[in-house]
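Visitor: Spelled out from the first residue to the last, the chains are:
2 protein chains.
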Amino acid sequence: MSGLPVSLIQALREVVGEAGLIADVERMHSYLADWRNAYRGQAALVLRPASTEQVAAVVRLCAEAGVALVPQGGNTGLCGGSIPDDLGAQVVLSLTRLNRIREVDAANETITVEAGVILQRLQEAAAEAGRLFPLSLGAEGSCTVGGNLATNAGGTAVLRYGNMRELTLGLEVVLPDGRIWDGLRALRKDNTGYDLKQLFIGSEGTLGIITAAVLKLFPAVRSLTTAWVALPSPRAAVELIGQMRGLCGDRLTGFELMSRQSLEFVLHHVSGVSDPFADAHPWYVLIELSDTQPDAPLNDMLEQGLGEAFERGVALDAVVAASEVQVRALWALREGISEAQNHEGPSLKHDISVPISRIPDFIARTDQALQQAFPGVRIVAYGHVGDGNLHYNVSKPLGAEDAAFKAQSEAIMQVIFDVTVNFAGSISAEHGLGQAKRDAARHYKDPLELELMRSIKRAFDPAGLMNPGKLL
Amino acid sequence: MSGLPVSLIQALREVVGEAGLIADVERMHSYLADWRNAYRGQAALVLRPASTEQVAAVVRLCAEAGVALVPQGGNTGLCGGSIPDDLGAQVVLSLTRLNRIREVDAANETITVEAGVILQRLQEAAAEAGRLFPLSLGAEGSCTVGGNLATNAGGTAVLRYGNMRELTLGLEVVLPDGRIWDGLRALRKDNTGYDLKQLFIGSEGTLGIITAAVLKLFPAVRSLTTAWVALPSPRAAVELIGQMRGLCGDRLTGFELMSRQSLEFVLHHVSGVSDPFADAHPWYVLIELSDTQPDAPLNDMLEQGLGEAFERGVALDAVVAASEVQVRALWALREGISEAQNHEGPSLKHDISVPISRIPDFIARTDQALQQAFPGVRIVAYGHVGDGNLHYNVSKPLGAEDAAFKAQSEAIMQVIFDVTVNFAGSISAEHGLGQAKRDAARHYKDPLELELMRSIKRAFDPAGLMNPGKLL
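In order, the protein sequences belong to chains H and B.
Under UniProt numbering, the residues of the first sequence are numbered 1 to 472, in order.
Under UniProt numbering, the residues of the second sequence are numbered 1 to 472, in order.
Hint data in this document are derived by calculation from the structure and do not stem from the laboratory.
It cannot be assumed that every hint is accurate.
[What the hints assert, rightly or not] Below, a list of computed lysine to any residue pairs in the SDA-like style, where the Cα atoms sit at most 25 Å apart:
#	chain 1	residue 1	chain 2	residue 2
1	H	445	B	170
2	H	445	B	377
3	H	445	B	179
[Unchecked claim] Some residues of chain H that are not near chain B, with every Cβ distance over 12 Å (derived):
#	residue
4	29
5	123
6	165
7	277
8	376
9	429
Ideal Cβ placement from N, Cα and C applies to all residues, glycine included.
Same shape as in the complex, but just chain H (with noise of 0.2 Å):
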């Protein structure tokens, strides 16, 4: 049973049909937990509407009986931000049916789609109309715009194109008390007023429900290259990227680090993989230079670029990508990372931030003190360069037992937390917090940034009912 007024039920199901409302503990359940299942809830319903007027009616009926909302979209996320609590008592706002592509707008380079949009589909659209929508991650196949905007996505692409954020001209969003408001501008320009829709992004459903979004597109990538680079240091890293931004300017659209750690359990773990050199070397980039332009001369500026970095002994090695085949395997060494430390006992991910120009002296202080504190652990080091983003992710030493590094999980996030802080960085660079670093961020954000927070939640729902125990 839910728990729920047998007359609110019935209001719901009205609403949203019996296709829309699932109350079977059954047919709950893929809900109830994220695709990992590292967090799991219970609800009293599942409601899955199929239009804006059906989620605001359904906010409205939810917050006169003092209902809390928790919405979902392709849960896929790290941090358990879509996941209800274990009481029982919120109900779970799927919008994956909300999955209408409204309008492209080829001239305006704006894309219009509904929250469940899946995000390969949003990229398939933009390429049917000879574009780019440029947001790229992981979990695309399966996560939705809806959940990328509620935690202001980023991934691969950001360094040429920003993360979620920038990629949003407009929204529309279902308030806490059910009102739909209408910032669905497709407009580049507009100076009247707070620019609401900043609000919403990034606040993981807590101050509303976004139902839709104007979204920004590009011109349609022509060539594109990648370079795999041996490396002997990160600051080496730092370095490249500095020249390579002066050099090649936009076409830089990727640069990712990663660790000879890394690359390893890489090699022992993902099938059809091999290492481009024959030697190891202790550090490694990913660079991908691409171009509007077709047959550009990407290879020449590549090895122009690898050319000098030879010269000033920040490359050691480099292999340049000779055909799309080629593409695909450099990318699959670092698309891999993540599978393949899964199968060397728990994986503790931690997703940080700090300047660009503190990489280095970061990775420094804080292998330091992992390895000071935690003798043996392993440290899977990688991330994106130009974003100063760094999955800094921690394997059990060798021979350890999985509970006893588990137990350690906390502690290790502390010391990694600490040196993030230090260096004035981030916490939680492109995850967002959810359930999972909501205390961390209430130890480490400033008392002040806090107390703001919550006179915004205050503001837009002072009942609380919007994805409570979430963020805030």
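Starting from the known structure of chain H, arrange chain B on it as the hints suggest.
Guide: Same frame as chain H, now just chain B:
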């Protein structure tokens, strides 16, 4: 006499020193009107603090005494946002002494500057570090970073680099109660809660006083070219920008439209300029391409694009700049419009935006409506096609009286704004609201959006002492 308690004046003097307090009416004069002398007010005092701590102390003292503050930068705004009302009870807070460049971090591609730094000095500091700070607008020699942030300034490079909002990574803000929020983060990814800086950007000083910012830098431009193209219609301009974006991608850094009427005013009133073509054409665009590569083949690319445009009848004639002198000469035609129009009697200036795809219909509809209601008015339409942003200005009919024309200004504005809103546009694309458009915003904006804005204002500034009478 200032009307303020002597004890308060004494306390303020102790904070800012003799050099930072102006009570003399003569010496206050230049702080009480904007550069065009379109808005003039009165003030109890002008304060010129020299540090963030002094700003904080001033704000705290004024908050305790219930005295309203009007923050002011270079005073180059067009909407009276930095001018006090005429009751003489408000205090003007000039930020121009906060003019330090605190840090340039070339490896992080960021610069940290105080609010009073002149935009041009910021551009120069970036250039000295081998980088580009791309914001560029007419007033750059006297406007300040604080004003650029408070109004989310735009200009001619938004097409490629975005508005001031997109160029900002972090802010330092003195809150209405005098506390300092240190949000000076230099991070490209940070998802640890609501993005508070977004509220202050574009809030025109109504939520707090921005005292410093971390801004993005970009690779220096090493090749640049421009073309001047004659077109049959605004529709051709929209077609041409789509084609050039697809061809050139991010190299397209300027695409400025102007009508024949605009050019004629420039040719009549600006010295040292000439029509690039022997024949008159109805519309023109100035195209700018730039690249980080020295000797990039930009002219080849322009000629390829224009060749296709001629074939399709989109372009009627074109000239490509052969030297830096010619580049400047072409830009002079565009940049002379505002000054030239002032010689033709009162200029009714508007700053609207619509989706790029709707520019042609917007211009046709507005031209028709204006000529029907106000026969003979001369429409000076120009602007940034890539931003959908038109300065759709109006001059009096030939031979008409200034006063009679001025008396129609509200009615003319209403015609233009009605069409703008009909085309899902904005009545203020880049100039903000200030005093000038506050009432129009009340009329044209969604009441729900105004309500949300007011709830934010109440949450941050419950006493309403931050730049009252502006924006909201």
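Visitor: If a hint holds in the structure, say so; if it doesn't, say that too.
Guide: Now the hints, each set against the structure:
no. : hint             : verdict
1   : H:445 with B:170 : 15 Å, holds
2   : H:445 with B:377 : 57 Å, violated
3   : H:445 with B:179 : 16 Å, holds
4   : 29               : 29 Å, holds
5   : 123              : 18 Å, holds
6   : 165              : 7 Å, violated
7   : 277              : 27 Å, holds
8   : 376              : 30 Å, holds
9   : 429              : 4 Å, violated
Taken one by one, the earlier hints fail for this structure at numbers 2, 6 and 9, listed in ascending order.
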